[in-house]
Amino acid sequence: MLLKGSLRLLWLALLASATIWQNGQIRPNNYPDTTISLDSHGHETAWHRYGPDAPELSYKGRWDDQYISWWSAPGLKFGFQADNVAITFGNYTSPGVLIAYRLDGQDWMLTNVTANSTHLLIDPSTTGWNLTTSKESLRTFELRVTNWAYGVQIQCIHLSGSKSTLSKLPDYTRRIEVIGDSLSSGSCNTLEGISSWSWGLAYGLGDTEFSLTAYPGICAVDTNCWGNPRGQVHQWKKTCDTSGRAVEMFGPNLTSAPDWDFTKQPHPDLTIINIGTNDNNTHNNVTAERYKAAYIQLLDDIHATWPSTKIIVLSLWSGWSQVGSTWMQGSGFYNEIQDVVKHFNNGSLNKMGDVEGAFVIYYNTTGIMQHNDNSPLYHPTDVGQIKVASHLMEYIRLVFGWELRATGPEVQHETLYWNDMTQY
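Letter by letter, the sequence shown follows residues -18 to -1, 1 to 406 of mature numbering (1 follows the signal peptide of the UniProt record, and there is no 0).
Hint data in this document are derived by calculation from the structure and do not stem from the laboratory.
Some hints here could point you the wrong way.
[Claimed, not checked] Simulated pairs of lysine-lysine, DSS-like, Cα-Cα distance not exceeding 30 Å:
no. : residue 1 : residue 2
1   : K59       : K220
2   : K219      : K59
3   : K246      : K150
Here the structure is a predicted model, which is why all the values come from computation and not from measurement.
The whole structure should be built from the sequences, with the hints applied where relevant.
The structure is reproduced here in structure tokens:
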């Protein structure tokens, strides 16, 4: 989403260098350098190498056949028995892309990686390395790409010490898909994809696999919006997003972009959509009629692809403005979105999912956030994102009976704020 035309140029600059602001103070982002040379590390430690196609590796979100990641917060997960874990990133890795990674249920760690480099991510000095909750001493490694416009290419996994073996980990028992734009991808949040409401919802639910098919500036209608050559009604069916790196690989109109193989992953139980803020911007010249038609087509395509998924359609919050001496929340395509939902439900919004045979559900986001939950760049703050995620978690628990199964490991990173004054 972009609400001001000038923000497009600002956004391009932010991709190269971004500053994280916390209540007007700059947050340090000098993350540890994990780069190593395999030949010299550990006095010629014997490394066992596994290719990116190793069957023990589980790729989360959308990755192409060259093991290049796309969209928001894609990940890699595997079990291992070893003392050291290193990854070599391939030529299509974005310069300086920030990854989050962790051992077992320890807190997320952050490091910048780049193309044709090897990074030591786990070793005996890693927090929690001397602890284990597995009788077989099987450890879990997980990696997530934080930057929505950047990606990594997995070239090789390296293990050393102990048994130096990989293990396939079972998937979680539930699955969701999020489809959207910048409001769902984590744009303008401190850690982008892993600070988004989509991330907070999926990880916060626990025992839930997820894919975040969202990209900033994209419209629902298949038209160029803020430099995105295609809209979600088209691009949702593709492997890649609409980023500049996708254009470089697949052409200016993404004409050679590969179709996404929907058999790669089990179908989602729930699909959650927040799309239309860019269509609603006059800069992109999208009429209400075209928007409704594209949204209906998108829902038809989703239902045809995943007949059993329940689709939750979110209303748009569209910013806040001062009215007199107070604030008022805006709403974009308010009636049009309701018309789209009613189209599938014989005139009902099906807010509680109780319309027999219906697969589309309307969720009203009005009132969840207030004006100070919106950043100066017209996107929810980290707190705003957490509020949206928390409300959706409870809604899904009440409507679908999903119990909350995240019981301790960190979800959001670097959100530990508190007052240490215990008495006066």
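Hints, one by one, checked against the model:
1. K59 with K220: Distance ~23 Å between K59 and K220 Cα, so the pair holds.
2. K219 with K59: Measuring from Cα to Cα gives roughly 24 Å; hence the hint holds.
3. K246 with K150: holds (16 Å)
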